[in-house]
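Novice: In case you want the letters, here they are:
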Amino acid sequence: MWSHASAEALKLSLRVSIAATLLMALIGIPVAFWLARRRSLLSRIVECLVSLPLVIPPVVTGHLLLVVLSPNRFLGRRLDRLGLRFALDWKGAVTAAAVVAFPIFLVIARTAFQRCDSRLEDAARVLNSSRARVLFTITIPIALPGLLAAAAVAFARAFGEFGATMMLAGNIPGQTRTIPQAIYSELLAGREGSAWSLTSVSIAVGVAAMAASQMLIRRDSRQIGVAPNA
Amino acid sequence: MLEFDFITALGSFQLTARGSQAEPAIGLFGPTASGKTTFLNCLAGLLRPRCGFISLDGEVFFDSSKRRCIPPDHRAIGYVFQHDRLFPHMTVEHNMRYGRRRAPGPSIDELIEVFDLKPLLQRHPNRLSGGERQRVAVARALAAAPRLLLLDEPLASLDEASRIRILPYLAQVREKWRIPFIYVSHSLTEISFLARAAWCIADGTLSGLFRPEELLFASAPDSLESFRNIISGDIEEVRPECGYCVANCRGRRLRVRLDGVSVGDAVTLSLPAKDILLSLASPSTLSARNALRGRILRLSESRNIVWAVVRAAAADLVVQLTIDAARELRLRPGLPVYVVFKSHSVTVTTTKPQATGSQSQIPSLLHASKRILPELPTERHRLQAKLPEALSGRAERDAI
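Chains as they are written, first to last, in my numbering: chain D, 1 to 230; chain Y, 1 to 400.
Misleading hints may appear alongside valid ones.
With the C-beta cut set under 7 Å, the calculated list includes, among others, these residues of chain Y facing chain D [claimed, not checked]:
(1) Ala44
(2) Ser65
(3) Cys69
(4) Pro72
(5) Asp73
(6) Arg101
(7) Ala144
What the hints contain is simulated information worked out from the structure, not anything from laboratory work.
Remember, predicted model here, so these are calculated numbers, not experimental data.
Glycine residues also receive a C-beta, built at the ideal position from the N, C-alpha and C atoms.
Work out the full structure, taking the sequences as your base and the hints as a guide.
Specialist: Have a look at this one:
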């Protein structure tokens, strides 16, 4: 039951999820590093705010995003003038997916940085290394498996995003109809077979993401392994 | 030369440190949580003192009056931590090359040779034993060509046998590369093997310099109980039929436990201070297999124990005695005595087995580092002039 529309939904979903994952990595890696190293009132507030989408319904998140980014509103109007349109656009789907999946990315990435002992960074500093060199040769390489695991799980979550995407980007075939939207539309139209094939794709992506993250984290533990509290 | 005068605070704890490194190898002794690591962190630049100054060879690292604080990567100070802190994602070789800088210092090949790292180079740290990891950590710090090496209880996390095996490697830092170091430990056994002088931290103040054995009187009872004399040597003869083997320590032949060694092995001997007897006459009717002629250098009493430092064959041995015994024998500095101990009191640890085929350089390097309880140079010269007969080794019973 694989139709042209299904292929189009898959292609769009991949494009949206990849873009959302890159966006999350870009913002999430520095924020996760900061949260892992500095505990202050500000960091707690930031963590609380960005984690909200985890506990509120995605529809609510979508609604809030629509309020902020709608072309009739303050921020949306200015962005619209710059040629950045979010409402009823694939960029809106990317934004909705990124915001909803961001807390998941952040929690795993922060843990990855916390597992990289800051005492190893001290040891590297004493070995004639600048802060930047320590970041790129010690901190990030040690945190890398964890960061990749964060990206894999966040990608899967972005791939499955429905509620917030529906609110902000809508359900336009070829433009914002990602796989979850397509499943919804196919079922409404009574094409159960087509819905099933899309459902299997969704499940496969989820299983692959979880397997990848498990593998990365297991390999990471083996490497850090016996190292006491080095 | 390292000079410092600073005050640092961590929470409610405050440390006052003032001194200069007059000796190339200095121990830093103090009980747990007395601020030893805090002191080293200030020197290395990982911690900023509240006020004062720190300088090395005239270069000011920290001066609160001029708001000057050089970051750790511009201090060229090597640091070996209590836990090795090897980078888990790099091989041993990459770990060693990490801090390399353009400066005269030990070459990587030299370090691999001296620390026996060749078979470990391509392994990751989690595939190494505790002793191997610490050897790599010391080699890594040295590969960065430091001007001063800080060693923060590098052996504390190891078992007794690994500790004794690593000590001679550390002695080489001093003997072979002449890199000044500060060795932090709460083990006077280790400090007295490696350093000629020591600072002491207690009650938030660093003071010194002391001879390591002087600190025996200041230390906690548990570290007194376990003081051991550490001696390097080579196995010269193995005589299973007699139940002992002969270790040659600077020309002095000691009969020690068999302990599975073979001829030619470089070994480290460990002899507890409480297992040594002193005798005024040649002990011909005792079962103990070792009796060395020597002369008492110093005597002191603390916590109901008398400590005697006896020079026997160019080496100083610390002996633990009861007050009564010291009184009855009328022990006093300068008195000639026999130092008596059983073969079985000496624990033998193989530092480096005799290499099969091509003889490696290590045993000969260890030869160079052979010494027991090093003392201040001026004193050494004076005593060497005084005691020619003790140095010749004539009086030794095993020599027959």
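Novice: A separate judgement is required for each hint: does it hold in the structure or not?
Specialist: Hint-by-hint comparison with the structure:
{"no.": "1", "hint": "Ala44", "in the structure": "holds, 5 Å"}
{"no.": "2", "hint": "Ser65", "in the structure": "violated, 25 Å"}
{"no.": "3", "hint": "Cys69", "in the structure": "violated, 13 Å"}
{"no.": "4", "hint": "Pro72", "in the structure": "holds, 5 Å"}
{"no.": "5", "hint": "Asp73", "in the structure": "holds, 5 Å"}
{"no.": "6", "hint": "Arg101", "in the structure": "holds, 5 Å"}
{"no.": "7", "hint": "Ala144", "in the structure": "holds, 5 Å"}
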